[in-house]
Amino acid sequence: MLIKCLICHQEISPVVTWSSLWSKPEENDLCKKCSEKLNFIEGEACEKCSRPFSGLDPRYRTGNLCHDCTRWNEDPEWGSSLERNQSLFLYDDFLKEAIARYKFRGDYILARAFSPFIKSKLQTLDFDLLVPIPLSSERLYERGFNQSAALIREAGFTAAEMLKRTHAEKQSKKARNERIHLQQVFQRIADHDAENKKIILIDDIYTTGSTLYHAAKILKEAGAASVCSLTIAR
Amino acid sequence: MRKQKVRFLIYPCIEVNTLRFTIKNNILTPFLIEKPQESRPISSFEAIPQPPLNETYSFNKKLQQFLHGKQLLLDDLPFPIEEIHEHYENGYILYRKGMTKEKNKSTCARCGNEDRALFVCFPCARCDEEHCTYCRKCLMMGRVSACTPLVSWSGPVQTQSDNQRPLKWNGTLSPGQQLASDRVKQAVTDNTELLVWAVCGAGKTEVLFEGINTALAAGKRVCIATPRIDVVLELGPRLKAVFPEIPVAVLFGGSEDRHLQAPLTIATIHQLLRFYKAFDTVILDEVDAFPYTADDSLQYAVRQSRKPVSSMIYLTATPNQKWQKDCHNGKREYVTIPARYHRHPLPVPAFKWCGNWEKALKKDQLPSAVTQWIKKRLETQKQCLLFFPNIDKMDKVLPILRKLEPKIESVHAEDPDRKSKVQKMRDKEVPMLITTTILERGVTFPNVDVAILGAEDRIFTESALVQIAGRVGRSAQFPSGNITFFHYGKTESMVKARRQILKMNEEAKKKGLIAY
Ligand SMILES: [Zn+2]
Ligand SMILES: [Zn+2]
Ligand SMILES: [Zn+2]
Ligand SMILES: [Zn+2]
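Note that the protein sequences, when read in sequence, are chains S and Z.
Just so you know, we're using the numbering used here here: the first sequence kicks off at 2 and counts up by one.
Just so you know, we're using the numbering used here here: the second sequence kicks off at 6 and counts up by one.
The hints are simulated quantities; they were obtained by calculation from the structure and are not laboratory data.
Keep in mind the model is a prediction, meaning the values are calculated, not measured.
Glycine is no exception: its CB is placed at the ideal position from the N, C-alpha and C atoms.
Incorrect hints may appear among the rest.
Which residues of chain Z face chain S? A partial, calculated answer using Cβ under 7 Å [said to hold, decoys possible]:
1) N22
2) F124
3) V125
4) F127
5) A130
6) L144
7) M146
8) R148
9) K327
Just chain S, same shape as in the assembly (with noise of 0.2 Å):
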């Protein structure tokens, strides 16, 4: 059978082959155009949230470190929850449309899509639970799958859902500031054990990163040894 890019479903030519670089999966359902397209994030780059230091004024980069980290470690309450955030593919106009056919529309099978570099990052992680940022249920209900659940299903792994939503997650345009003092976004469900696990947050999109410093701010408080994340785009 003809295999067609998850993407565009163009008809797949199967000659690709990838380059050793650490996270290009062997084979994967997208043409050589749109595995072209997906950019790498490559480079000097945050040490904290993976963001590219090239394009970015030099007055936003302390040392190792992008302005935003720097003021996340600054403060003594959510400074240290999340340790480390690493992120496959720049959030340009191609994934960003890619993302929102994946999560607006709700065509579930781009999972598939992202799944095979998920997975081989993972290979080069260490950890013992892999927790997706959960969606409020009206939300679930809307697009019928968590898009950060799919993402670590189809990368072969068992999801582990420690969290839920406490309220809608309406990302308002507030000030980063006052985002984050917002009261709790999320609640633990108590069916799995937290204490001493290394975790990784699976999200599919690190934009000021609030989402995820609240997520692992919980999974810390429950006895985490440690959170990183890991999202698609950034």
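Following the hints, position chain Z with the ligands against chain S.
Frame of chain S; chain Z with the ligands shown alone:
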């Protein structure tokens, strides 16, 4: 893709977690919060019972107005699900399974997709099934999955018309147009099918006016559908102008009229996926244009949007081989408009062999016959178009041509400056435009000569060639011009295209439709 625009969620008056159903006493019942053992996703029932119409039920007129003639998802409906369901219980709403399955073959009930590769099996949080299925083919219209009901109106619909002559137009038709107009009107009245085979520049839109008028006066609902959004955008204002008192809905991806119900709808065929047994008359413009012919789901959408008893008018300048054959064998009702409205004959393409032009291009050369043709136009300041089989060839030629004349521009389908370049051509700021087949239809310049380089390429089908030739001599002021096919080996398509054009001219002459 823009972020999703305003979407109607299932009315948030109750919390909805799930969507499963039971059938008891021949009534379908949804379960939105708890999931009793016997509940199932809608598509796993053999048949969905339809309660009889309760004529004493006082139905919601707004819901009727919103829904009649449509097939929508619950997510599209800004009404509480309880209210929708009450209408179902009283026979005013029809639920259909979003997906049907027969012997392991799934079919999307909205778009007719049967291609396995376009169905995705996934663990669904809505119906809570590990193996739910959704259709990728029509995903952009909102996701249809096996647990999604398609909702339609099955109650009474008001049809009345107090306007005996909604058409306000004082133009006159050419004799060729008049004949076709009469046939269209007849087909509308008799609920039959008709193909209007009108040459490029015949003035086919005017031919529809009387037929649409007749339908509207009888309280019928009319839709003009076309594969091409440019045509929708052009027809919208034209029809609003001649039917000033009639609400006209203009539908395309992202248009504001999405929920407007109107006696006259102008839509891209894609939008018909939201309609169900809606129209008494469907007029399909440019039937032969991409993607209609290549996409089964669009043909399915047209079928679904028609009422069981309805008329169907096909319009085209270039019917495909099968349709031409059906016409000649008497298997398809048709009428031709063989002459242009300005009553001059169609320009006939000249074939000019130009050797292995691809080889010449590799050496950065153009065949001299082509260069001569172009030079002559540049010298006499006659604007011209040159068509290429693909972008690569075109890109190769542009620098060569710019040595002759630096103002020459090229344009292709994904060119972000497409519109402005076409406008520059209109404003005569550009002496020559080189292009791929995207300018094959629709775009008209009043006074141009046209040539194709590589007319033997497979992409130039008979209809593409006729369409391209049809760019020449469009205005009454400049009714003639030169059309040349430069080729490296004559093809059957080229011969057929020329034959078709000659035949039309001959027929027009016989019928006295050519005056010059
Ligand atoms: Zn692709
Ligand atoms: Zn950072
Ligand atoms: Zn489902
Ligand atoms: Zn479909």
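Going through the hints against the structure:
1. N22: Cβ of N22(Z) sits 6 Å from chain S, so the hint holds.
2. F124: violated, 10 Å
3. V125: At 4 Å from the nearest chain S Cβ, V125(Z) passes the 7 Å test, so the hint holds.
4. F127: holds, 4 Å
5. A130: holds, 5 Å
6. L144: Constraint on L144(Z) satisfied, holds at 5 Å.
7. M146: violated, 10 Å
8. R148: holds, 5 Å
9. K327: violated, 27 Å
Consistency with the previously given hints fails for numbers 2, 7, 9, ordered from lowest to highest.
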